[in-house]
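> Top line first, the protein sequences correspond to chains P and L.
Counting in my numbering, the first sequence runs from 677 upward without gaps.
Counting in my numbering, the second sequence runs from 573 upward without gaps.
Source of the hints: derived by calculation from the structure; they are not laboratory data.
Think of the CB as a built atom: it goes at the ideal place given N, C-alpha and C, for glycine as much as any other residue.
Be careful, since some hints might not be right.
[To be verified] Take a look, some chain L residues computed to stay more than 10 Å from chain P by CB distance:
| id | residue |
| --- | --- |
| 1 | 640 |
| 2 | 655 |
| 3 | 656 |
| 4 | 683 |
| 5 | 708 |
| 6 | 738 |
[Claimed, not checked] Calculated pairs, DSBU-like style, for lysine-lysine (alpha carbon to alpha carbon, straight line, at most 30 Å):
| id | chain 1 | residue 1 | chain 2 | residue 2 |
| --- | --- | --- | --- | --- |
| 7 | L | 707 | P | 918 |
| 8 | P | 918 | L | 633 |
| 9 | L | 619 | P | 684 |
| 10 | L | 811 | P | 910 |
| 11 | P | 917 | L | 707 |
| 12 | P | 917 | L | 769 |
| 13 | L | 583 | L | 811 |
| 14 | L | 647 | P | 918 |
| 15 | P | 962 | L | 659 |
| 16 | P | 910 | L | 619 |
| 17 | L | 769 | P | 910 |
| 18 | P | 917 | L | 633 |
Listed below, chain by chain, are the residues.
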Amino acid sequence: MKQKSYKKQFILLSVVLIVLFAMNISLGSVTIPFKDILNTLLGDTSVKESWQTIILNFRLPKAITAILVGSGLSVAGLLMQTLFRNPLAGPFVLGISSGASLGVALLILGSSLFGGFFLAHSVSNWSFPIAASAGAFLVLSAVIIAANRVRNTMSILIIGLMFGSLTSAVISVLAYFSEAAQIQQFLFWSFGSLGNLSWNEILVFMIIYSIGMLATVAVIKPLNSFLLGENYAKSLGINVKKNRNIILIITSVLTGVITAFAGPIAFVGLAVPHIARMIFVSSNHKILLPAVIILGASILLICDSISQLPTSEFTLPINAITSLFGAPIVIWLLIRKKKLFV
Amino acid sequence: MIEKSENSILKTENLTIGYPQKKQDNIIFSNINLSIGKGKLISVLGKNGIGKSTLLRTLCKVQKPIAGAIYFEGKELNTYSENDLSKKLSVVLTERLPESQLTVFELIALGRQPYTNWIDTLSITDLEKIETAIKQTEIGHLKNQRFHELSDGQLQRVLIARALAQDTDVIILDEPTAHLDMHQTINIFSLLQQLVKQTNKTIIVSSHEINLALQLSDEIILLTENNLQFGTTEALIAKNAFDKLFPNNLLKFNKSLQQFVINKT
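Whenever a hint applies, use it, and build me the whole structure from the sequences.
Next up, the structure:
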């Protein structure tokens, strides 16, 4: 009987997601009738060629990127919150995004410091995600090693924040010694952007994203047992250390690849799991995981639609939009609910 | 009733428990030789800080023994994998659960994790075991509530139900009555006693409810300074074992009443 009510919510949310996707594709600096958009997507080549290019090479990749980024970050946030059993955990708060930034900074800015070794301009599709994932994993491992020593979740969060500012400091130092062109390239990357991805890059993105998602489905069981704390999880036959490492690797890979392709995007990872918990009033990951994926994708599609400033030529940095909306949501949640769950 | 004294499920051999330290190990108790039978309610008694939790933690493999061995159904505890052990031994811990929105049913269903497949699907057997556990602990009316809405007493019942659903021969509970009032405490203890009778499980429980434990347990592990005694209530009383449990000036053990009474001066 419980299942039914969840089904209703899922159907509703999926419809919302589809509507938002359609809306996202129809909005832009060039007005294209919805009928023509639909025809283009269905493979009709009689539509005006420039419109086809806009839809197939700009809007569609961007919308897909928004879906991947939004859902991926939200899943990463959910994993962190459950693992640390702390409602304030998230890829951004724990410094993982900063770690990914550090990886990219080394790649872009480091090229001027270390000569032509990294060669930022001839980077392949894989070098950004690898650098970002490595950076994310580095910071995350450091947080984990520290976390194993203190055990107190509050301290872990503070340690994560400290690592975040440490990596920012390293990036500043790197920037100081870099050339203007590279600083600019890094700065633009750090604004966050869902566009600019070629289909090839989206393919790479999708492959890594899918691996992360499949692995997440495989750890649903340990995730649910972590809801009782590590000691209970262990008494239920869960290999706590192994699963914790798997969860950390998934989180860093997801955060790494997303940050590499779309820049450091704030608040989605922290806020979406809470919105999902509020809508579904559940902590069961079998329900939360799909919920968080749909909600995360929807929210980033909304943010992206707003950032394009409909009927205008300008596009605001996506990172600013997610923060503008994410921060008030978290504040509102805290005031309204007074209690945040894991 | 057929007495099967040989049928011990949990045995320790010259077990030394404590915390390993660089200079000298901090030994809590040494040379513990216990033989715990099937279908018994065992209470672990002793004053605060004496080492009840250390003993229980060592018995559930959370903590390594300093020396000696623990045998579980004749096999050394160390040789059990985590998953195998989870089908033999379940626990109710003192630690607070992280705040989540799990329902009572979901929480109890987690007890089936050792048996479920990789995606944690509940089979018909799983559902039956959960239903039985809910019935045995009489918490059917709480099934769809979130566990954080429950009172402490109700939550303890739910946690016991979760341990029951895990379907293990031994359940270890660390101070399940710590935050409960007198009525709830008796409630939990009689539930445990009932469960032992109904299911032939062995339940090991640490507690400060000495008077209650003496009345309801089959056997008692009594921890006093540097001394661990194990036996039935009667045997321990006959040995005057309880006289040393607390400093004598406030409380005195009254043999004929079989309980502690306050010294009237």
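> State for each hint whether it applies.
The hints, checked one at a time:
1. 640: holds, 22 Å
2. 655: violated, 4 Å
3. 656: The assertion about residue 656 of chain L is violated, with a minimum of 8 Å to chain P.
4. 683: violated, 7 Å
5. 708: holds, 20 Å
6. 738: Per Cβ check, residue 738 of chain L is inside 10 Å of chain P; nearest 7 Å; violated.
7. L:707 to P:918: Roughly 35 Å separates the two Cα atoms, so the pair is violated.
8. P:918 to L:633: holds, 18 Å
9. L:619 to P:684: Between residue 619 of chain L and residue 684 of chain P the Cα gap is close to 55 Å, so the pair fails against 30 Å, i.e. violated.
10. L:811 to P:910: violated, 39 Å
11. P:917 to L:707: violated, 35 Å
12. P:917 to L:769: violated, 37 Å
13. L:583 to L:811: Holds, because 23 Å separates the two Cα atoms, which is no more than 30 Å.
14. L:647 to P:918: holds, 25 Å
15. P:962 to L:659: Judged against 30 Å, a Cα distance of about 24 Å means the pair holds.
16. P:910 to L:619: At roughly 28 Å apart (the allowed maximum being 30 Å), residue 619 of chain L and residue 910 of chain P satisfy the hint.
17. L:769 to P:910: Distance of about 28 Å is within 30 Å: holds.
18. P:917 to L:633: holds, 15 Å
Checked against the numbered hints given earlier, this structure breaks hints 2, 3, 4, 6, 7, 9, 10, 11, 12; the rest are met.
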